[in-house]
Structure formats: C-alpha cells, structure tokens
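From first to last, the protein sequence lines are chains A and B. Heads up, the first sequence stops at 517 in UniProt numbering, and the numbers go up one at a time, no gaps. Heads up, the second sequence stops at 517 in UniProt numbering, and the numbers go up one at a time, no gaps.
Source of the hints: derived by calculation from the structure; they are not laboratory data. This structure is a prediction, so every number in the text was calculated from the model and none was measured. Just to be clear, a hint being listed does not mean it is correct.
Remember, identical chains collapse to one label, so a pair may be satisfied in a single copy or spanning two.
What the hints assert, rightly or not - Within a straight-line C-alpha distance of at most 30 Å, the following computed DSBU-like cross-link-like pairs (lysine-lysine) qualify:
id : residue 1 : residue 2
1  : K40       : K102
2  : K102      : K73
3  : K508      : K124
4  : K215      : K28
5  : K282      : K215
6  : K40       : K154
7  : K283      : K504
8  : K282      : K102
9  : K206      : K154
10 : K102      : K217
11 : K206      : K196
12 : K102      : K72
13 : K124      : K217
14 : K102      : K124
15 : K283      : K102
16 : K215      : K124
Single-letter residue listing:
2 protein chains.
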Amino acid sequence: MKRIFYPMLLLFPGVLFAQEIDMDAMAKIRKEGLDNSKVKEIAHQLTDVSGPRLTNSPGFQRAAEWSVSEMKKWGLTNSRIEEWGEFGKGWQVEKSYLAMTKPYYMPFIGIPKAWTSGTSGPIKGEVVVVNIQNEEDLQKYADGKLSGKIVLIKSTIDTDPTFKPDAVRYTTEDLDKMTNSQPFGQGNFTPEQMEKMRTMRFFRSKVDSTLKTQKIKLELAARSGKHGTFYTSNGASYLGKSPLAGPSFEMSPEHAGLITRLVEDGIPVTLEAESATSFYDKKLTTGNVIAEIAGTDPKLKDEVVMLGGHLDSWHSGTGATDNAAGCTVMMEAMRILKASGLKPKRTIRIALWSGEEQGLHGSRNYVKNTFGDPQTMKLTPAHEKLSAYYNIDNGTGRIRGIYLQGNEGPRATFEKWLNSFSDIIDHPTVTSRNTGGTDHQSFDAVGLPGFQFIQDGIEYNTRTHHSNADTYERLVMDDLKQMAVVVAAFVYNTAQMDLKIARKELPKARGEQGARR
Amino acid sequence: MKRIFYPMLLLFPGVLFAQEIDMDAMAKIRKEGLDNSKVKEIAHQLTDVSGPRLTNSPGFQRAAEWSVSEMKKWGLTNSRIEEWGEFGKGWQVEKSYLAMTKPYYMPFIGIPKAWTSGTSGPIKGEVVVVNIQNEEDLQKYADGKLSGKIVLIKSTIDTDPTFKPDAVRYTTEDLDKMTNSQPFGQGNFTPEQMEKMRTMRFFRSKVDSTLKTQKIKLELAARSGKHGTFYTSNGASYLGKSPLAGPSFEMSPEHAGLITRLVEDGIPVTLEAESATSFYDKKLTTGNVIAEIAGTDPKLKDEVVMLGGHLDSWHSGTGATDNAAGCTVMMEAMRILKASGLKPKRTIRIALWSGEEQGLHGSRNYVKNTFGDPQTMKLTPAHEKLSAYYNIDNGTGRIRGIYLQGNEGPRATFEKWLNSFSDIIDHPTVTSRNTGGTDHQSFDAVGLPGFQFIQDGIEYNTRTHHSNADTYERLVMDDLKQMAVVVAAFVYNTAQMDLKIARKELPKARGEQGARR
Chain A
1 MKRIFYPMLL
11 LFPGVLFAQE
21 IDMDAMAKIR
31 KEGLDNSKVK
41 EIAHQLTDVS
51 GPRLTNSPGF
61 QRAAEWSVSE
71 MKKWGLTNSR
81 IEEWGEFGKG
91 WQVEKSYLAM
101 TKPYYMPFIG
111 IPKAWTSGTS
121 GPIKGEVVVV
131 NIQNEEDLQK
141 YADGKLSGKI
151 VLIKSTIDTD
161 PTFKPDAVRY
171 TTEDLDKMTN
181 SQPFGQGNFT
191 PEQMEKMRTM
201 RFFRSKVDST
211 LKTQKIKLEL
221 AARSGKHGTF
231 YTSNGASYLG
241 KSPLAGPSFE
251 MSPEHAGLIT
261 RLVEDGIPVT
271 LEAESATSFY
281 DKKLTTGNVI
291 AEIAGTDPKL
301 KDEVVMLGGH
311 LDSWHSGTGA
321 TDNAAGCTVM
331 MEAMRILKAS
341 GLKPKRTIRI
351 ALWSGEEQGL
361 HGSRNYVKNT
371 FGDPQTMKLT
381 PAHEKLSAYY
391 NIDNGTGRIR
401 GIYLQGNEGP
411 RATFEKWLNS
421 FSDIIDHPTV
431 TSRNTGGTDH
441 QSFDAVGLPG
451 FQFIQDGIEY
461 NTRTHHSNAD
471 TYERLVMDDL
481 KQMAVVVAAF
491 VYNTAQMDLK
501 IARKELPKAR
511 GEQGARR
Chain B
1 MKRIFYPMLL
11 LFPGVLFAQE
21 IDMDAMAKIR
31 KEGLDNSKVK
41 EIAHQLTDVS
51 GPRLTNSPGF
61 QRAAEWSVSE
71 MKKWGLTNSR
81 IEEWGEFGKG
91 WQVEKSYLAM
101 TKPYYMPFIG
111 IPKAWTSGTS
121 GPIKGEVVVV
131 NIQNEEDLQK
141 YADGKLSGKI
151 VLIKSTIDTD
161 PTFKPDAVRY
171 TTEDLDKMTN
181 SQPFGQGNFT
191 PEQMEKMRTM
201 RFFRSKVDST
211 LKTQKIKLEL
221 AARSGKHGTF
231 YTSNGASYLG
241 KSPLAGPSFE
251 MSPEHAGLIT
261 RLVEDGIPVT
271 LEAESATSFY
281 DKKLTTGNVI
291 AEIAGTDPKL
301 KDEVVMLGGH
311 LDSWHSGTGA
321 TDNAAGCTVM
331 MEAMRILKAS
341 GLKPKRTIRI
351 ALWSGEEQGL
361 HGSRNYVKNT
371 FGDPQTMKLT
381 PAHEKLSAYY
391 NIDNGTGRIR
401 GIYLQGNEGP
411 RATFEKWLNS
421 FSDIIDHPTV
431 TSRNTGGTDH
441 QSFDAVGLPG
451 FQFIQDGIEY
461 NTRTHHSNAD
471 TYERLVMDDL
481 KQMAVVVAAF
491 VYNTAQMDLK
501 IARKELPKAR
511 GEQGARR
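Build the full structure now, drawing on both the sequences and the hints.
This is the structure:
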C-alpha cells in the first residue's frame with residue numbers, strides 16, 4: 001500500500017491536515033475508471049436511447065428507469081425513483097416542420113417551444129414581422145390585427161463570425177486568476193446581470209401572453225446561436241393548471257433573419273408549418289433517481305456523502321452536455337466505487353435530479369424533504385448526518401479544480417486530494433468562488449456543504465448548453481473518464497474522513513425563493 | 001492631384017515600373033466605395049431575394065436577371081445574359097422533411113442531394129445502416145436485400161470539438177510565408193490529395209449507382225460539418241440525358257450518428273421523410289451575365305480588362321460566401337467605377353459565371369468561345385486584346401494581396417498598387433503561388449493572365465463553403481466594401497496602363513480536361 005506523506009502535516013497536525021490519502025484505494029479507482037470505463041455506454045443510454053429528457057416526458061422516464069435498473073445491476077442498494085412532489089406536465093414533440101414556400105422554398109431549422117401546443121395539422125400563410133422592443137411597441141399589436149396570422153417577432157441576435165474557438169480549456173493564468181477571486185452575486189452572474197435577465201424574461205413573457213390574446217395562428221421567434229445551432233427554452237408554463245398556449249416555434253437566427261429582410265424589403269414571405277406535441281398530465285408528480293452504496297463503519301455508516309447531477313434536459317437535442325455528462329460521470333463514479341470492491345465507511349448516495357431546468361425543483365424538494373427548509377430553516381436529524389454533496393453540471397470538460405462556494409473549511413483537504421491526481425488534473429485549482437445555476441445550491445441554501453467542480457468549458461457556452469447541438473457527439477469521452485475518477489476519489493475520501501466536511505455558518509431563514517432562470 | 005513617386009523608378013525606368021498611379025482616380029474610387037457602398041443591397045438581392053442558385057434553377061435565373069437589369073440601371077453597356085452552350089438540367093427543392101419517429105421523435109437537419117428526385121409524398125420506414133468502405137463491402141449489398149428500404153450509408157466524420165476559431169484572418173507570419181512559397185500541384189491541393197479525392201469520389205459514385213440498382217426507397221448520407229452545419233453536393237448528374245436518380249438526403253453527421261448508434265445497439269429506428277424536387281429541362285443551355293464600361297482611348301478601347309465571379313451556388317443555403325460575395329464585390333466595383341465618372345482607356349467587362357460548381361463550365365466555355373480552346377490552343381483575335389482577368393471566389397474575407405499564378409511579370413506593378421492601399425490592406429502581399437478551384441483557371445488554361453486575390457479566410461473553410469450555413473449573415477460587409485475598392489482600383493489601373501499585363505509563356509495544347517471536383 002502506497003501512502004503519500006506531507007511533511008507539513010508533521011509540523012501542523014490537526015483534523016483537516018492530518019488525514020492521509022488511501023493511495024491503495026486511489027489506485028483501484030484509477031484502474032477501474034481508466035481501464036474499464038463505461039462512460040460511453042452510459043452516455044449512449046442517457047442521450048441516444050432515452051432522447052430529450054424534459055421532466056415528466058417519456059424520454060425522462062426512459063432515462064430514469066434505465067438508470068435505476070442499471071445501478072441495481074451494479075449491486076447498488078435502494079436504487080429507485082424517489083418521488084418529491086408535484087412538478088407539472090410532461091411534454092414532448094411529435095412533429096416539427098417549418099419551411100418557407102414563397103418567394104422560394106427553403107426548409108428552416110426550428111422546433112416547437114416547450115409546453116406549447118401543436119398546429120393541428122399543416123398550416124400555411126404569409127408571415128407578419130413585428131418589432132416589439134418595449135411596452136409602446138407592444139400596445140400597437142394589441143388591437144386584433146394579428147389575429148389568424150403567422151407572426152415572427154423581430155430580433156437582433158449577434159450572428160457575426162467568431163474569431164474565438166468554440167471549444168476552450170482553461171489556461172494556467174485563467175486558473176490562477178480564479179484561485180484568488182472571491183464569491184460574488186448569484187452564481188456566475190453579477191446582480192446587475194441578474195436584474196437585466198429578469199426584466200428581459202418578464203417582458204418576453206408579456207409579449208407572449210399579449211400575442212396569445214390576439215389569437216395568432218403561429219408564433220415564431222429567433223433564438224441565439226449560429227450556423228444551424230440555436231438555443232431552446234419554453235413557450236408556456238409546465239404547471240399542472242396552466243392554460244394551453246398556441247403553437248410557437250423557436251428557430252435559427254439566420255432563417256428568421258431571411259424572413260425579416262425579405263418582408264422589410266416588401267417581398268411577401270409564405271411559410272408552411274406543422275407541429276404536434278403531447279402533454280403528459282395524468283401524473284403531475286415526479287421523482288429523482290436515488291441509489292446507494294451502504295457504509296460499513298458501525299459509527300459512520302449512518303452518515304452520508306452525496307453526489308449528483310440533473311437528469312432532465314431541454315428538448316431540441318439529447319441533452320448530452322446538459323446534463324447527461326454529469327449523470328454519466330456520477331453513475332460511473334458509483335460503478336467504479338462498487339466495482340473496485342472498496343468498503344466506504346460512510347454511506348454514498350447518488351441523486352439524478354428532475355426539474356432542474358425549470359428551477360432546481362428536484363434537488364430543492366429533495367433537500368426540503370430530507371434535510372430542511374431554507375425558508376424556515378427547520379432542519380431534520382438527517383441534516384447533521386450529511387458530510388457533503390458534489391455536483392456536476394458544466395458540460396463535458398475535464399475537472400481542473402473545485403469551487404469552495406465560500407466555504408474555506410475544506411480548502412486544504414481538497415487541495416491535497418486534487419494534487420494527488422496532478423498527473424490527470426492539469427494545474428489543480430481550489431477557488432473560494434461560488435458557481436451557480438444548478439443543484440448544489442439547493443444544499444448550500446440550508447447550510448450543507450454543496451460543491452461543483454471547475455471544468456474546462458469546451459463548447460458549453462458557445463454551442464451546447466440548451467441548444468439543438470447538444471448531442472452525444474459533443475461529449476469528450478476522455479474528459480468524462482477523468483471526471484469520474486476524480487469524483488469517485490473525492491466521494492470515497494469524503495466517506496473515509498474522521499470528521500465530516502467543515503460547514504459554513506448556517507444561513508438565516510429566508511422567504512420563498514424565486515424561480516432560478 | 002496627388003501622385004506617389006517611387007525613387008527606385010528613377011534608377012530603373014522601364015515599362016513595368018514607370019507608370020504612376022492616378023491618385024486622383026484612386027481617391028474617387030475610395031470615396032464612392034467607402035462612403036456610398038451598395039454591397040449590402042447587392043448581397044441581399046443575390047442571396048435573400050434570389051435564393052439558392054444552382055445553374056439553370058429559378059434562383060439562378062432570378063439572380064442573373066436582376067444583375068443584368070441592375071447593371072443597366074447603373075449605366076453599364078451590353079448588360080445581358082450571354083449564352084455559352086448546354087449545361088444541363090436546372091433543379092430545385094420544393095419540399096424537404098426528414099425526422100426520426102421511433103424510438104422517439106426528432107426532426108433532422110438535412111436536404112435532398114442536388115438533382116435527385118423526390119419521394120412522391122410522405123414515406124415511412126425502418127432504417128438499414130450499411131457500412132461500405134470498399135468493393136468487398138459493396139458486393140454484400142448487391143443481392144436485392146436493400147430493395148424498398150431506407151438506407152443510411154455509415155460514415156466516420158470528425159465531429160470532435162474544435163479548439164481553433166471558425167473565423168480566421170491571416171497573420172503577418174502567414175502572409176510572409178506565402179510570399180516566398182511557390183506554385184504547386186493543381187490549385188490548393190497536392191497531387192497526392194487530388195488523387196485521393198478522385199478515388200474517393202469515384203468509389204462514392206459507384207456506391208450510389210449500386211444502391212440505385214437495388215431500388216432502395218431512400219438513401220441517406222451524413223456530410224461533413226457539425227453543430228447543425230452540413231455540407232452539400234449532388235446525388236445525380238445534371239446532364240440533359242442523365243437518368244433520374246431516386247430520392248436521397250444528405251444530413252447532419254450528428255443525426256446520422258444517432259441513427260447509426262441506435263441501430264448498431266439493436267434498437268430499430270423508424271424515419272419519416274418527404275422530398276419533392278423540380279427539374280428544369282426544357283432549356284438545357286445557359287449563360288453568363290456580362291456587362292461593360294466602354295473604353296475611351298481610341299487606341300486602347302478595343303482592349304479589355306475583365307473581372308468576375310461565379311453566380312451559381314449550391315442549394316442548401318443562399319450561397320452567400322460561395323459566391324454571392326464575389327459577385328457582389330465585382331458588381332460593386334463596376335458600380336464604383338461608373339459612379340465615380342472615371343473614363344477608363346480600355347473597356348472593362350464583368351462576367352458572372354454559371355456552372356462553376358460543376359466544373360467551371362461558364363468560364364471555360366466563355367473562354368473557349370471568346371479567346372481560344374485550351375485543348376487545341378487555337379486562339380481568336382480577342383486573345384491578344386485581353387489584358388487580365390481578376391476573380392473573387394474565396395468568401396467574404398478582405399483582400400490581403402494577390403496570387404501571381406506563377407506569372408512573375410506583374411509582380412512589381414501589383415506590389416505598387418497594393419501598397420497604395422496599405423491603409424486598408426494590412427501587410428499587402430504578392431505571392432507567386434497559384435490558387436485553384438475556380439474561374440481564373442479557365443483564363444490561365446489558354447495563357448491569359450487570370451488572377452485571384454489573397455483573402456482572409458473568415459469562416460470559408462470551417463463553416464460556409466458549400467454548406468447550409470452559407471447565408472447572408474455570414475457576410476462581413478466591411479470586408480466586401482474593402483474588396484470592391486481594391487478590385488475597382490486594380491481594374492482601373494489595368495485599364496490605364498500603357499501596356500497590357502505581362503503574360504506567361506503560352507501553354508501547350510492539351511487533351512480534354514477532367515471535371516474539376
């Protein structure tokens with residue numbers, strides 16, 4: 001058994017520094033993760049075989065059921081879908097066709113916005129382009145003249161050529177800058193950015209609802225992206241009692257630009273379109289996928305280390321980097337730990353969340369049901385038993401370090417763990433910074449240590465995150481392998497520590513949380 | 001009037017060096033081109049309004065007729081479509097729909113291959129994936145078992161993330177390297193690359209024809225590209241007497257990859273598809289768009305300076321960078337010269353070619369009809385009267401210099417002209433190198449000086465060249481403006497020279513030329 005000794009530890013003994021890394025266990029994890037990797041197979045099942053995975057859709061259900069069954073096969077215990085409450089309606093696309101027929105024929109790249117209804121068969125008609133930048137513009141179109149029309153909302157989306165690569169990795173300088181930066185705002189955005197996004201979202205939804213009252217035939221909207229890539233979102237609410245919204249496509253900005261330039265040049269544009277969508281509203285509740293490796297230490301086995309990522313996705317691709325990547329890595333980490341024959345002292349529990357894309361619903365409700373309510377800060381006994389939660393939701397890029405989320409307690413421990421993988425983690429980095437927009441925040445909100453890893457960006461922010469280009473091809477398998485090994489090591493080390501991971505001060509009780517995005 | 005004097009010229013007087021640049025004319029060209037540019041309007045007409053411009057298609061016809069009429073409005077003379085002979089059938093897409101319906105629904109990005117026939121209404125069926133890498137593989141499928149099937153030809157297309165930018169400009173180092181490099185091979189390819197491409201093309205067409213004899217229901221093939229971009233080509237011959245080919249789609253490699261992985265995993269994949277295409281075979285002949293500014297010098301007005309680019313395009317986009325960009329720049333250069341009120345000594349003639357994408361047919365036939373036949377090297381009297389031909393067909397990127405095409409004669413002249421625009425040409429460069437694959441080669445083939453400019457690549461080789469992403473949005477208007485000014489200056493200077501542009505030695509008569517691509 002090989003063990004690394006840190007000379008400093010002899011000078012400054014203490015809980016955080018004292019514990020050695022079990023290098024024999026690390027070697028087993030490496031071997032299983034690098035030589036017998038199953039990331040390709042897992043990712044294929046979650047993306048290609050399951051398909052788009054909007055919460056409560058058949059695709060989500062396929063992925064959840066497969067994950068439960070696969071983890072059972074690996075010998076994990078308590079593998080199940082654990083209901084957390086009411087999410088709302090499932091939804092999926094059954095037909096999507098959009099093309100220009102005049103002044104000439106051209107097929108367009110687009111898809112129905114999530115939770116909108118279909119066109120009830122093929123429709124055809126001339127397009128009206130409306131330019132709605134503010135309330136005043138909006139009022140111009142509230143007089144019924146758009147009734148029965150195909151309406152394109154004019155947009156100004158940047159489609160200029162990019163002189164920066166789609167795919168990037170952090171440089172040493174990037175990481176050093178991150179090491180020294182501090183937590184700010186909510187996650188990755190400044191308060192000003194958050195406010196701007198909120199305002200834009202509010203206005204956009206007002207435009208949608210105004211157009212709805214005008215009984216238009218079809219709504220079209222360009223989305224960001226270029227070269228055939230476009231980003232997707234919802235066009236109506238998923239809540240159980242929300243009213244049906246009329247048909248609405250989101251589409252590539254180039255094709256929307258073509259329509260706009262022709263119409264503004266006085267050339268009539270005729271489109272044909274057909275969409276069909278299915279709603280699944282018989283069962284509005286949903287669940288998270290949960291599975292465990294039971295702890296073996298009599299004193300510690302009731303304590304838990306968690307790892308997870310969200311299983312749900314948007315609907316235009318197969319949600320490969322957002323977030324089959326995270327689920328693949330977390331499942332593979334569990335598989336590695338089980339297959340390596342290691343006996344963790346604490347119980348290790350994986351959670352694959354639902355409803356993340358609509359507001360971290362799966363993890364928020366799990367935390368509320370299991371550990372405590374951030375609104376009241378009434379905590380359960382289980383709150384004391386969780387050591388840490390590790391999350392992956394930043395795409396396919398390999399791990400370069402970890403965000404402390406403002407919790408300086410485990411810095412030295414994490415540095416030690418990362419450094420023990422310095423052959424596969426280039427320039428391992430620990431930053432005090434927080435990172436937002438995903439499920440570790442649900443744990444953080446009740447004062448539980450929730451962490452995300454620093455990952456190379458690859459194409460996450462340029463091509464894949466919520467886009468139609470988010471397919472299996474966008475996964476970098478070598479990076480997924482590395483991530484699974486590092487996560488398995490973090491989780492195992494956390495399970496073996498004498499003490500639980502240090503915590504921040506408990507947050508104060510707070511009011512109802514707003515929707516995340 | 002401002003004139004630039006080159007001190008060297010006093011030491012080495014001579015025809016090539018002696019002639020001063022008319023800086024007053026250059027100032028007029030700059031002013032008209034930079035302050036009153038019409039590149040946006042011209043490009044909009046050629047792309048958005050005309051649509052895809054496969055030779056002899058209605059889109060090509062719209063673009064050609066608009067160009068003729070617009071150039072007449074500008075006061076150009078002899079503006080007309082000049083017939084050059086038989087090209088073959090026009091063709092266009094009337095309907096294009098391709099989607100997966102099982103194991104779940106997903107709309108696919110794809111389009112019928114050029115000159116293939118339609119599906120005669122919607123079709124549906126399970127996909128068979130065939131892996132045909134060589135003759136032996138091919139024989140396996142020649143026994144009728146594919147009859148009536150939807151067949152996807154398996155491919156291995158690189159869809160890895162790109163860590164290089166889509167859009168690039170030449171660095172000073174790139175250009176310096178080019179200055180010193182020599183002509184090689186055919187155009188941009190080495191003889192080995194050419195041979196490999198020929199072999200691949202031949203085998204691919206053999207696969208197509210074998211599948212055709214198997215009476216399959218629909219052929220599908222992945223094309224290069226990623227993130228929604230895919231490249232297009234033809235699936236059958238455009239020649240007048242060629243037999244009809246069955247329906248065939250080319251599609252995004254990610255969607256083809258999805259089908260392939262599912263089928264290879266034993267999961268049946270069902271597709272639905274519909275294509276409709278129109279053939280235009282009543283008139284198989286076609287023409288090039290020609291227009292002139294008449295020369296004014298009694299002794300030189302019978303001599304001609306030409307400029308051009310091909311007007312035809314592929315069918316999945318609107319052929320913006322390939323090659324509405326070139327046509328826009330050349331038309332704008334003519335407009336600038338006319339609007340500036342300059343009186344060129346020699347006649348200036350623009351040509352917008354047809355049939356370039358299928359083998360430089362428009363320019364080859366124009367040259368053959370007008371100047372001489374490269375096969376026999378029987379030359380016409382007009383051969384002696386042409387000073388030079390300038391071509392643009394490398395996308396939207398601004399001019400950085402010129403390729404001499406192995407003709408060292410005009411080096412000093414071109415250097416002087418480029419340097420006089422060093423404020424808008426960064427690091428002006430003249431290289432002896434040839435560049436291939438387009439219409440200046442038709443002139444070069446009969447010993448006439450035919451040149452292309454060195455242009456910044458922007459997204460030409462990564463995204464736009466022959467792809468569905470080749471739309472108006474991909475044009476960099478500032479670059480088109482600069483190109484039009486520089487081209488107008490080159491053309492005007494050529495028209496004013498005491499002598500014609502120096503020529504290379506006449507090539508020897510050669511046999512029939514093979515198809516270019």
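Tell me, which hint numbers fail for this structure? 3, 4, 7
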